[in-house]
Amino acid sequence: MLTRTLLAGVLLMGSTAMAQEAVTPEPPIEVNAARAELGKRLFYDTRLSGDTSLSCASCHHPDKAFADGEALSQAYTGNAHFRNSPTLANVGFRAAWLHDGRLGTNLNDVAREMITETYLMNMDMRIMQERLKQDPVYVEMFKAAGMSEPSNGGARNALMDFMKTIQSRNAPYDTGTMSSAALRGQLIFEGKGNCVACHSGPRFTDDKPYNTGVPTNPAIWGEPERHSTFVTYAKFFGVPAYMTLREDLGAYVRTHRPETARSFLTPTLRELTYTAPYMHNGTFETLEDVVDFYDAGGGDDPLKDPRLQPLELVPSEKADLVAFLESLSGESFDIDAYVWRADDYGYEVIEDWRNVQN
Amino acid sequence: MSLRSTLTALAALAIASAAGAQDNPRPEGLAPLGPPPIPADNPMTPEKIALGEKLFFDPILSGNYGMACAACHAPEAGWAVQAPISFGYPGTTHWRNSQTIINAAYYGKLFWAGASGSLEHQARSAARGGVAGNGEDDMMESRLAFVPEYREAFREVFGDDWPSVRNAYMAIAAYQRTLVQTDTPFDAYMKGDDDALSDEQKRGLELFAGKANCIACHNGPLLSDEAYYNTGVPPYDGWEDDPIAQITYRFEIYAKGVTEAKYRKLKDDPGLYFRTKQESDMGKFRTPSLRYTAYTFPYMHNGMIETLRDVVVFYNEGGGDNEFAANKSAQIQPLGLTDPEIDDLVAFLESLSGDEILIDYPDLPVMEPLPAQN
Numbered sequence: 001m002l003t004r005t006l007l008a009g010v011l012l013m014g015s016t017a018m019a020q021e022a023v024t025p026e027p028p029i030e031v032n033a034a035r036a037e038l039g040k041r042l043f044y045d046t047r048l049s050g051d052t053s054l055s056c057a058s059c060h061h062p063d064k065a066f067a068d069g070e071a072l073s074q075a076y077t078g079n080a081h082f083r084n085s086p087t088l089a090n091v092g093f094r095a096a097w098l099h100d101g102r103l104g105t106n107l108n109d110v111a112r113e114m115i116t117e118t119y120l121m122n123m124d125m126r127i128m129q130e131r132l133k134q135d136p137v138y139v140e141m142f143k144a145a146g147m148s149e150p151s152n153g154g155a156r157n158a159l160m161d162f163m164k165t166i167q168s169r170n171a172p173y174d175t176g177t178m179s180s181a182a183l184r185g186q187l188i189f190e191g192k193g194n195c196v197a198c199h200s201g202p203r204f205t206d207d208k209p210y211n212t213g214v215p216t217n218p219a220i221w222g223e224p225e226r227h228s229t230f231v232t233y234a235k236f237f238g239v240p241a242y243m244t245l246r247e248d249l250g251a252y253v254r255t256h257r258p259e260t261a262r263s264f265l266t267p268t269l270r271e272l273t274y275t276a277p278y279m280h281n282g283t284f285e286t287l288e289d290v291v292d293f294y295d296a297g298g299g300d301d302p303l304k305d306p307r308l309q310p311l312e313l314v315p316s317e318k319a320d321l322v323a324f325l326e327s328l329s330g331e332s333f334d335i336d337a338y339v340w341r342a343d344d345y346g347y348e349v350i351e352d353w354r355n356v357q358n
Numbered sequence: 001m002s003l004r005s006t007l008t009a010l011a012a013l014a015i016a017s018a019a020g021a022q023d024n025p026r027p028e029g030l031a032p033l034g035p036p037p038i039p040a041d042n043p044m045t046p047e048k049i050a051l052g053e054k055l056f057f058d059p060i061l062s063g064n065y066g067m068a069c070a071a072c073h074a075p076e077a078g079w080a081v082q083a084p085i086s087f088g089y090p091g092t093t094h095w096r097n098s099q100t101i102i103n104a105a106y107y108g109k110l111f112w113a114g115a116s117g118s119l120e121h122q123a124r125s126a127a128r129g130g131v132a133g134n135g136e137d138d139m140m141e142s143r144l145a146f147v148p149e150y151r152e153a154f155r156e157v158f159g160d161d162w163p164s165v166r167n168a169y170m171a172i173a174a175y176q177r178t179l180v181q182t183d184t185p186f187d188a189y190m191k192g193d194d195d196a197l198s199d200e201q202k203r204g205l206e207l208f209a210g211k212a213n214c215i216a217c218h219n220g221p222l223l224s225d226e227a228y229y230n231t232g233v234p235p236y237d238g239w240e241d242d243p244i245a246q247i248t249y250r251f252e253i254y255a256k257g258v259t260e261a262k263y264r265k266l267k268d269d270p271g272l273y274f275r276t277k278q279e280s281d282m283g284k285f286r287t288p289s290l291r292y293t294a295y296t297f298p299y300m301h302n303g304m305i306e307t308l309r310d311v312v313v314f315y316n317e318g319g320g321d322n323e324f325a326a327n328k329s330a331q332i333q334p335l336g337l338t339d340p341e342i343d344d345l346v347a348f349l350e351s352l353s354g355d356e357i358l359i360d361y362p363d364l365p366v367m368e369p370l371p372a373q374n
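Protein chains in written order, with the working numbering: chain A, 1 to 358; chain B, 1 to 374.
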């Protein structure tokens with residue numbers, strides 16, 4: 001615990017004493033502080049995308065709990081995404097990543113997927129590595145993090161460590177300062193609403209996919225840039241009839257079992273006040289809409305999870321439930337500990353190029 | 001052709017040859033350029049060529065929907081880039097000189113070090129390269145499906161239910177096989193028209209095939225033996241002072257595959273070595289055709305020589321130096337040409353270009369929504 005506290009102190013150095021004393025849902029994950037700091041700079045660097053137009057932060061804004069406020073996220077130049085950008089709060093604790101759960105290994109792999117995927121950042125990581133080596137700030141930061149020089153793998157590990165530091169802080173639920181409405185809502189959450197059946201644990205998710213009948217978002221099929229991006233994805237994952245498909249098959253891309261069609265990972269309920277709109281395709285604008293959706297027993301899908309049944313909540317119960325959900329949001333991530341503020345991204349000529357080692 | 005006209009033609013040719021043999025002998029080893037070879041698996045049809053033309057100019061075949069083939073092979077720039085190094089993909093620069101599309105159809109291998117065996121393969125490599133098109137086949141193919149005009153054309157030309165990106169490269173290659181120039185003054189001269197070259201150019205041709213011995217490598221109808229040599233072209237000077245160029249240099253040697261020791265040490269383009277991994281091939285590049293060079297300045301694989309005259313001076317001085325000196329061709333020796341001889345040689349080189357080939361850019365179709373079929 002001493003180690004952890006010291007690391008946290010280093011990590012959040014320059015932010016606030018408050019941050020060090022923050023109440024978090026779970027104990028912080030131990031990371032290499034210098035590597036996490038390096039990851040923070042990488043996270044905001046657009047040179048991690050092929051045409052230098054996007055950084056991780058382009059779709060994961062710190063002031064929106066690292067979501068982007070859009071129903072459907074943007075994507076690489078010439079594309080548009082078909083999914084909602086998820087929060088990165090507590091992302092290091094997840095058992096699986098992406099709405100379809102297709103990554104179940106670690107955040108290093110998640111970073112690789114985001115950086116190299118053609119419709120996301122479309123980066124040839126060999127070019128990325130050489131870009132990093134051309135930036136003296138990175139050369140120093142990689143050394144400080146115990147790596148001899150900038151590399152692909154090192155960059156991914158650094159992003160992983162930075163992401164592991166992104167933890168909810170001082171949510172009323174954790175600090176014991178919930179309103180009476182929120183406390184009443186918690187009883188519904190755990191009782192009559194049985195939301196806890198899937199939204200369990202400190203992050204309020206079991207990290208498993210379910211079909212809840214969320215309606216499709218017609219924007220995916222109405223805009224050719226978005227639709228073609230979806231086709232690229234579906235084709236890559238071997239989905240049959242991808243040209244005539246007009247629905248997001250979710251976890252099916254990973255399992256290829258028909259009964260998993262249109263199932264998506266239970267999302268965390270942390271930081272919801274920052275992350276509207278909701279659902280994997282951003283189809284609900286408010287928490288009230290989401291509560292109404294589940295109160296009605298979810299959507300219309302033959303593969304819908306049978307546990308979804310009408311809840312018959314009265315208006316005051318719905319309001320209490322929303323109050324509880326809101327109590328799961330903590331302080332903004334738009335603080336120095338999570339944002340690379342310096343405008344210091346640049347390349348420098350390597351002088352005496354012919355005589356120095358590459 | 002009737003017997004009579006055949007005989008007449010033969011007689012005319014005989015007369016021309018006789019005259020040529022008397023006054024202006026045509027050197028052995030050079031020839032006029034005929035039609036390009038058409039591969040049996042990609043026959044030419046007007047519809048395929050028209051489709052290929054659109055695709056050549058359409059940025060749909062790139063990662064960012066912004067870099068058409070024509071971005072680095074622009075008709076008004078000699079179907080190339082009139083700068084030492086080709087434009088790279090946004091955020092990058094390239095590391096070699098963009099080669100003209102004109103007469104590319106005749107090469108057995110494409111790219112400066114012969115990395116591609118066909119125009120079809122070359123198109124795909126360029127569309128996908130990290131410092132070129134940076135596209136990916138699944139994504140580019142998906143986009144093509146959203147263009148109604150392409151759906152129709154790919155169905156008609158290739159029988160595709162949905163456009164196949166592999167067939168896009170076939171169509172582009174077919175279009176490129178129409179971008180040839182076989183009517184230069186040199187071609188007319190080689191076919192018997194004694195007046196097609198000026199006296200200066202004729203003297204230049206004699207030097208080309210004689211004292212200067214350019215013909216040792218620049219031979220055949222293409223004026224290239226398609227073999228690989230190190231002539232001592234100096235390294236690209238942008239690597240000294242351009243950080244983006246330094247990035248691309250390291251990326252290329254890393255991506256194309258060298259040992260770590262070489263990755264650390266190399267400072268110039270190893271060229272053919274990437275394909276053969278033979279030390280003796282370090283710094284070798286394919287002899288380029290000399291056709292259409294009036295429009296394709298600057299010259300050499302890295303654009304390090306600005307004018308045709310500079311190129312002639314370069315070889316007159318016995319070529320240059322680079323870090324692969326051990327592999328420099330022994331054929332490259334000082335030539336002892338006088339200034340008037342250099343002028344003559346340059347004048348001859350200019351006879352290898354005809355009129356500039358310019359076209360009206362095609363209208364490009366765009367992606368449209370694709371409603372469900374019911």
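Where hints are given, some of them may not hold.
To be verified - Here are a few chain B residues that face chain A, going by a calculated C-beta distance under 7 Å:
#: 1; residue: 134
#: 2; residue: 162
#: 3; residue: 246
What the hints assert, rightly or not - Listed below are the simulated SDA-like cross-link pairs for lysine to any residue, each with C-alpha atoms no more than 25 Å apart in a straight line:
#: 4; chain 1: A; residue 1: 143; chain 2: B; residue 2: 129
#: 5; chain 1: A; residue 1: 143; chain 2: B; residue 2: 263
#: 6; chain 1: A; residue 1: 235; chain 2: A; residue 2: 219
Hints are computed from structural coordinates only; laboratory data are not their basis. Idealized CB from N, CA, C, for every residue including glycine.
We went through each hint and held it up to the structure:
| no. | hint | verdict |
| --- | --- | --- |
| 1 | 134 | 5 Å, holds |
| 2 | 162 | 6 Å, holds |
| 3 | 246 | 6 Å, holds |
| 4 | 143(A) <-> 129(B) | 31 Å, violated |
| 5 | 143(A) <-> 263(B) | 20 Å, holds |
| 6 | 235(A) <-> 219(A) | 19 Å, holds |
The structure does not agree with numbered hint 4 stated previously, though it agrees with all others.
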